[in-house]
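Using the sequences and the hints given, assemble the complete structure.
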Amino acid sequence: MSPDYTSVSDFVQYYRETFVPAYSDVTSYLLNKPEEVLQGMENISSHMIQYLDETKDTAVRQENLKKAFHHLERATLDCYKILWVRMETDLIEIIKDSELRKFCVNTTEGTFLENYNEFLNRVRAARAYELNNVGDEISVTVEYYKKVVESGNLLCSFIDKIKIQDYKETRKKWLKRITIKDILVGIIGAIAGAILWEIARDSGTISAIVTYIFQK
Amino acid sequence: MFERVDMQRTVLFEQHYNVDVSQFKSTRDVDRFLEERSGQKLGVVRTSGNIIERVGNILPIKKYDIDKINKLIDNASKK
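Taken in sequence, the protein lines are chains A and B.
With the numbering used here, the residue at position 191 of the first sequence is 191, and numbering never jumps.
With the numbering used here, the residue at position 62 of the second sequence is 62, and numbering never jumps.
Hints were generated in silico from the structure; no laboratory data involved.
Keep in mind that this is a model prediction, so the values were computed, not measured.
Yeah, the Cβ is synthetic: ideal placement off N, Cα and C, and Gly gets one too.
One or more hints might be untrue.
Here are some chain B residues pointing at chain A (derived, C-beta under 8 Å) [said to hold, decoys possible]:
{"no.": "1", "residue": "Met7"}
{"no.": "2", "residue": "Phe13"}
{"no.": "3", "residue": "Lys25"}
{"no.": "4", "residue": "Ser26"}
{"no.": "5", "residue": "Thr27"}
{"no.": "6", "residue": "Val30"}
{"no.": "7", "residue": "Val44"}
{"no.": "8", "residue": "Asp74"}
Now the structure itself:
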């Protein structure tokens, strides 16, 4: 049911029952407060101050309450969008790396990819709904994005962060070992080549080969 | 058919901290709780700037603004 944008009790209800859960999700995931959401809250308070100003006309005050409500809805939507993008950033690193995908998730690679596709399908549906309903009330759009975040959360729960850390450290160690080995082989090869060259030149082998080639 | 979502429940906050979000009446309550649990003051993630690392996270995190986010969503939709 669509909220009454001119009702304070609907505003408070939406704040407590929809915005606070969305804000808790994004803040706990980031362990930081997203600036976009804080800007939304700033807009809400400036409209609410206009609403509380008794010297203003009732119509003006109601209009400000309505605007504050719309900002609140948009701030809620921003919470889920920011969460989506952060989850996608975390997930894409796993998706792109076949080793991470195989060894660092606590499910089969197929299930993980299937769920990732579902995550993308949901964001497609959410974006399509959002674009087809520009200007309408955005409560349903918020629900669509919440569903996206739910599937992202499921995917994130498959990721084994300890395994990733171990894998990254091991990979770094192996890369270091390979690099050192390659450098040593290169140096030894160069020294051995120089020694052989000197021996061949001193023994007259080089000049004998050169003479043989030119005589032919 | 679009399945409705329970908007009063959180996706990860309640599950992660084993709490009931209805006990949190404002964003200030949420901030205080997270600061207490994480032992650090919550900062503000700016919408522009360099790549930052989230405390306790081993994967790098970027900063985005909403227009950029919409573009990213559109790009992902084309995949």
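Mind listing which of the numbered hints don't hold for this structure, in increasing order?
-> none
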